[in-house]
Structure formats: structure tokens, C-alpha cells
Amino acid sequence: MSSSVTVPKSALPPRRAQSFISRLKAGEELAYLITLTAAAAIFLITTLVLYELIAQSSLARHKFGWNFLFTSIWDPVRGNFGALPFIYGTVVTSILALLIAIPLGLGAAIFLAEMAPPRISNAMTFLIELLAAVPSVIYGLLGVFILVPALQKNIVPAIKSVFGSLPIFQGAFYGVSIFSAGIVLSIMIVPFIISVSREVLLSVPREQREASLALGASQWQTIWRVVMPNASTGIMGSIFLALARALGETMAVTMVIGNTPQIKASLLAPGYSIAAVVANEFTEATDDLYLSALVELGLVLFGVTFVLNGLARILIMTTEQKGAHK
Amino acid sequence: MNPNSFLKNLVNYTMFAVTGLCTVIAVGILFFILGYLVYNGGKSLSLSFFTNLPAPVGEIGGGMANAIVGSGKVLLLATLIGIPIGFLGGVYLSEYSNEQIAFTIRYVTDLLNGVPSIVIGIVVYTIVVHPMGHFSTFAGGVALGIMMIPISVRSTEEFLHAVPQSLREAALALGAPKWKSIVTVVIPAAMRGIISGTMLDLARVAGETAPLLFTALGNQFWSPGWNQPSATLPVMIFTYAVAPYDDWHRQAWAAGFVLLTLVLLINITARMALSRGTYVPRG
Amino acid sequence: MTKRILGLTIGVAALAGGAMAALSLTGAGATFPYPMYSKWFNDYHKMHADVEINYQSIGSGGGIKQVTEGTVDFGATDGPMNDGQLAEFKQKRGCDVLHFPTVLGADVPTYNIPGVTGELNFTQEALAGIFLGKITKWNDPEIVKANPGVKLPGADIVVVHRSEASGTTYIWVDYLAKISPEWKTKVGVAAAVNWPVGLGSKGNEGVSGQIKQTEGSIGYVELIYAIQNNMPYGKVKNAAGVFVKADLASVTAAAAGAAANMPEDFRVSITNAPGKGSYPVSSFTWLLVPSKIKDPAKMKAVKDFVTWMLGPGQKMTEALSYSPLPKSVVAKEVKAISKIQ
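Chains as they are written, first to last, in the working numbering: chain A, 1 to 326; chain B, 1 to 283; chain C, 1 to 341.
Any given hint might turn out to be false.
Label-pair ranges, simulated between beta-carbon atoms [stated by the list, open to error]:
{"hint": "1", "chain 1": "C", "residue 1": "Ala49", "chain 2": "A", "residue 2": "Ala312", "range": "56 to 66 Å"}
{"hint": "2", "chain 1": "A", "residue 1": "Ala214", "chain 2": "B", "residue 2": "Met272", "range": "35 to 45 Å"}
{"hint": "3", "chain 1": "A", "residue 1": "Thr318", "chain 2": "C", "residue 2": "Asp83", "range": "56 to 66 Å"}
{"hint": "4", "chain 1": "C", "residue 1": "Pro232", "chain 2": "A", "residue 2": "Asp75", "range": "28 to 38 Å"}
None of these hints come from the bench; they were simulated from the model.
Since this is a predicted model, take the numbers as computed values, not measurements.
Every residue, glycine too, gets a C-beta built ideally from N, C-alpha and C.
With the sequences and hints as input, model every part of the structure.
So this is what it looks like as C-alpha cells:
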């Protein structure tokens, strides 16, 4: 939706009569230029990051080529590096985290925005936002001290007794696993979903709700069919935010994922993620190929983010088109 | 009762319960974490924590005064870098750009958001620390500032978008130039959401450890000015939490508590200072 | 009003700083000796109030890299620099880099076996076999024969290793490579390796925590950590055929045993050292000092510190559960200080 508004021509002096400088002085061009510069700066910074990633990973890229994405070995001693288990771990833990956090977060956001009294809603949200400041390492510690033992003693045996025949719940469980990492990640990203979605829901104009209720819809019908579609781009934005955090999370993940570069069907098996291995090994890597391989993993993560974002946007665009045809 | 309205009401009440349950679970877990942190951190706090420099193992009375100040400085610089760029970029996206450019910049912003914090640290090491020849508070601020940009852009754009077009048109109809209408009407209308987004942004960045490891490094002593390595709370938490000593573990929890309190204070102060007289669209 | 207070607070904070020290040095590197170094630098500062030595534990690799790049004044590492890294240093900084051993560290095997409460004896074949994934059950004959009288169950062995690259891992795999040709060719020696089996946990606490929770598990942790946390650990058979339990004395003995054949630059691995009382999984940790330091004040400070470290500093190690250097090594190092110019 473009936000430029056409102003009747008679409201402004003829363009030819206004030189660039006077328009500048009037503030119009200046405002445009300043904001354009900021937007350009963002573009430049991201390009710079991408450039550095490409430059620093050139050694590894030239040695391994595209095979890097499909190989499963990670051997720093021999200089054999492959990204596949890390890609798998990153994608699976992030998707698992989203599957848990989105329903939970949206449900809470809806309740806080539409149904809870404003004071409580504001106070709760304030505290929830504060949680975004808790450092990753503390989530990791809580994961290790509280979540993992709880999973080992109670939760996973319960899941296994019901779903144990499914391949995703097969195998021995040592506490640290893809499953544990997915859960910790979901807890870490839920504040983003709740906070942003709630704000977005709150900013849907009241008239929309009133119109729907006036037509006889119940509160839930109003929320589901009127408010949420209105807020959908904002909600998607919060999900992207959450996904981005999940993909890049290091400390908390490395403490509960098991740090084993392998690909197994079972969620209960230990795994590894890109951000975790880079964090674990970067400071100790001294030979150039090793460093270059780690940077290449960073580049791969950049690529994974690119692809996932692209897929999500295509998804949005197709649902929007479907909605337009209703 | 009419079967249609029965179903409607049933669904209504059920969803009320379901969303309420979601809230209870989400809020419950989050409160548990907060409470655990506050309890463990609070009981390890003492005045010396705020006034003393870190002490080696075995010596009592060590504190994190330099880390608290260091975090403050780094976050200040990060805000000065990240918020203007993010905010103005968001204004551009919402008010000035056309569809294609907006799509590209949004995509690029999401990409930047997805870069792991450790990679940002490595990149800033290459472009700031290496040329300068040493680690510094400045480099730490740059790294966190870059990380603040994407969330700032997205939240600014999102909430500016939510301002009804009628408001813009009204301002223009009264003869205000476009930029003035944006500054005096549109932005204040979106201010609440923008502040909320900014605080979330700051909170997220305040807890980041990895980028600081390669930029601000750390310091047992005070770090005057901006050009020396500096202690920061997240790095201290990380160092102490993985050490073998119980005393350091306790200090790590205390530091986590202090970090949260720092963010809370900034939150409250900023909201008080900036949100006077904002137009709240909902009654 | 609030805005003014805000501004003032920010201003004060921005300018905050203690009294400017006359001299400020920065070092970075190994995490293993961090507690010791932080105590040393702290006490040194108390004695020389005009010198601030700031040490940060970013990892041995980080230490090597940063001292090579010149972003820190000195480095620290748990594993000595190899020839390629020495050459790179010389090329980038224009002088040599000197290794100074500071203290000794050791890794111990710790385990959680249902029904077993005492100390187990581990032969070289047992440890190598377990970590290679070849010995998979606790009642394997190799383990049983070294522990007569201990009832070992038929449970599976779950190996736990460090996830992040670390000096602790380096020491452990360095030892395994020496006692097992198969490990040397199949896996090799580095701060992070491609482990044939096992779970990766972060830090010593990660490993010990995982072991506590997992029946039948075994892993390696630093001696200091085991001592500080009262963890049970096993004995390892040394090169002389004796099952030795790691403690401060047996670790120093390992260094003394290796001292005779120590190279001039102190870059030596002392795992599997000779000597009856030597604990085989021991290692030095080193300071990395450039041989030429341009700033005369810095150079003097570094020399003074190393001298102090080798003297009174060594007496402070045991309180923190670090093993002091043997006298023979200290004597050699004192001579080497003169190389710093």
C-alpha cells in the first residue's frame, strides 16, 4: 500500500517555479533525503555484512564448492567441513520453536489485546517485553537446570508412552536434544510474538470491531474474521522477528542441543545448529581454512534466512490473493 | 435457543478459554523465569556489587560496577546509532517509498535481523577493531547498534502504517507540507507502538553477549572514554556462569538481575519522557 | 525535567572512569587459567598501582589470533603455537613470539555408573577404546581386568565430551593420540575434533551436569573443577605403568619428569610424561609474549610481571587448585625472560 497522497495541484506553487534549493529549504526534499539516506544505510550495512561473509569464506568456498551444503563431516583436524547437519539442526529447531510459540503467543496476544482489562494487559506486556532482555546464557542455564531434567524424568516418558511409535520420538533420550532446543527457543521467541502482535491488534481501529459486532458477530468471530486479518501483516512481521531470533540463537541452544553434528529422524536425538557451532569453535580456530569454513557457515545461515523469508512471503502473497478473490 | 447462536456462543466461550489458557501458560513460564532470576539474583546482591570492581576467586566483596557502566555506555552508543537509522528508515518505507523499493528494503532488513549476533561481532571486528588496532567500547556500540536497526525499522514502519490515512489527508488538507504532517501528526499517532518496539529492541540487544566478545572484549578495571576494552554485564554473566566457582555463579545471577533492572529503568524512563501527549487511537 | 535528569545521568556515565592508570596492558586467551590470572593481575595491580593488566578469557585460539594481529599486548594459550602460527606471527609482527609456561593443568575422567561408588582404574586401552566408540559396555574385559573386585554392570557407555573448542579438550585428545595410534590417525589433536561418539556439553559444568543426569556416562573435566566441586574421578595408568590419581603433586611431577627434555622455547606436550608419580593427562598453559615490545614502559611491566609470576606468583597457585611449575622449569624460564626486548 503506497502512502503517497496526491495533493490537488492548486495547493502548491508550480514545480518549475520552485527551485531545488527552495524546496530543500521548505523541508520537503530534506525530509525525503534524510529518510532515504537512512534506508540506503540499512541496505549498505546489510550488503557490507554479506560482503564480509563472502570475502572471509572464500578459502572454504573454493575448496569445497557446493558440496559444502551436502556433506555431513565436520573434522577440524583434517580440514574436512560440511554444513548439512547444522542446516538440518537450525531449520528443525527453528520450525519446532515456531510451531510451539506461534499458537501460544498469538493466543496470549489476542487475550491480552481483546479480552483482558487494559491495566492488566499493559502490566503483563511490560513484563513480557522485559524478558527479551534476559541474556541467552541465562535461558541456557534454566534450560539445563530445569527443563532438561523435567523432560528426562516426566515429559518425554509421557510423550513416548503415547507417541513412541512415531519415528520422531524414537531412540534413547539423554536430555539434550533437538527437542529440548526447540522448546527453549520457543520460550525465548514467544515474548516477541506476544508483544508485537498485541500492539498490532490494539492498533486496529475500533470502528472495525464495532461494525462487526453491530452485524451480530460474537466477539471471537469479530477477532478471527475482522481484527486479525486487519493485523495480519503486523502479526507476520512479529513471526519473522521471532524466526530471525530463533535462527541466530547461540548460547541457549548450545547448552541443550547436545552438540553432535548428525542428522537423525528422531527429535529426541542430539543435534547441532549453525549459530551454536560457530559460537563454540570460532574463538579457538586459528588456521585459515577452519576460520573460513566457520564464516561460510555464517554465509549459509544468511542463505537459509533468505530462503525461509522468501518462502514465507510467497505464502503471504498467495493467501492475500486468495483473500482478494473472496 | 437458535442452534446457530448456540454454536456461535460455544465457540466464543471456548476460544476465550483457549486464549486465556495460552496467556496463563505463556505468562506463567515467563514469570517463572523472571522470578527465578530475581530470586537467585536478588539474594546474591549487595552494595559492593554496585560499587566494586571484579575480584578474583576466593576474595569476597567483588562487584561489577565497571560492567554496569560499560553496559550503559555501549547501549547508549547502540541506541544513538541504531534508532535514528532504523526510525528514519521506517519513515521512508511507510511514507515515501514505492512498492518495489519497499519490498526490497523490507527483505534486506529481515536478512540483517537474521544474521546471528556472533557474525555481526565478527564483521564489526573486521571493520572496526582490526583497523583501530585494539578492542573498544566504541566497537561494541557499533555492533549492537547494527543489531538494533532491523527491529526499529520494522516496528516504526508497522505502526506508521496503522495510522489511518484519514489523519494524513486531514493534515495535508489543512495546508501542512508533507514532512510537517508526518512529524506533527502521523508520528505522534504511532508513537506508542514505536516506543514499545524500541524498548523491545533495546531489551533484546542489552542481553547480547557474542557480538561484545569480539568488539568490547572485557576489562577487569574501569574503562575511561570510548577507546578501551570495557566490561559489560552480558559478557560477565557468560564468563562467570561457565566458571567452576560457586561464588561466581551467584554473581552471574546477580548480574542477570541487575541487567534486567537496568533495562526496566530505561524502559520506564523512556516511556515517561517520550509518551506525553500521544494520541491513543483506541478509547 | 525527566529529560534533563536523563541527559545528566547519561553524561556522567559516559565520562565515568576510575583514576587513569599510568599504564594499561591488555591480554587475552586461554580460559583454563583465567581464575589464576585474574588473581595474579589483581594482586600485581595492588602492588603496582600504576599498572593495570587486563586479561580476558576468549579462548586459546582467540589469544593466538589477537596477539598475532597485535590487538592485545600478550596472549595466553593452553596448546602451544605450531610452526605455521609462529611463522605467521613473525611475518605480521616482525619479531618472534615467546612461550612462558605459567601453571599446570590436568584433565580427569569422571563417570556415573549405576552401582559403582569408588575410584575406577583406567588403562590406556580402556580410555582409547571408550572414546573411539569401540568399547561400548561397562563390563568390557578391558575395564574389568583393571578393576578387580568392582561390580561393573552391563550398561551402555555414554561418552560426554566438550562441545566448544577448548584447551581441556586439547589436553585430553593430545593424550589419547599419544597412547593410541588409531586415535592419532582417525581423529587427531585439536581444540575441537570430530568425535567418533558422544554428546557435546558446554563447559565443565555442562559435562559434569550431563554425567550426573546420565547413567553409564563418562567424560573428562579439568582437575580444578573436580576438586572445587568434590567430584569423584578415576585413576589413569601412566607411562610407567602406575595407576595415578590426579592431584596437585602428581601433575607437577609430570612436568618435572618432562623438564629434562624440554626444548628451549618451552613448546612441549607433557601428556603421558615419564616418572612413577606423574599424572599422564597433564599440560602446561602458556603466556605468549612478543620478543620485541616497542613501548619501553610496557616492556618493563611485562618483564617485571613474568619475573614476579615465576617467584611469588607460583606460591599462590595451590590455594586455587592449580599446580605450580616445577623448580627446574622455573629456572629455565627466568633465563628466558632476558629474551624480551
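Hints and how they fare:
no.	hint	result
1	C:Ala49 to A:Ala312: 56 to 66 Å	58 Å, holds
2	A:Ala214 to B:Met272: 35 to 45 Å	38 Å, holds
3	A:Thr318 to C:Asp83: 56 to 66 Å	59 Å, holds
4	C:Pro232 to A:Asp75: 28 to 38 Å	33 Å, holds
Hint violations for this structure: none, all hints satisfied.
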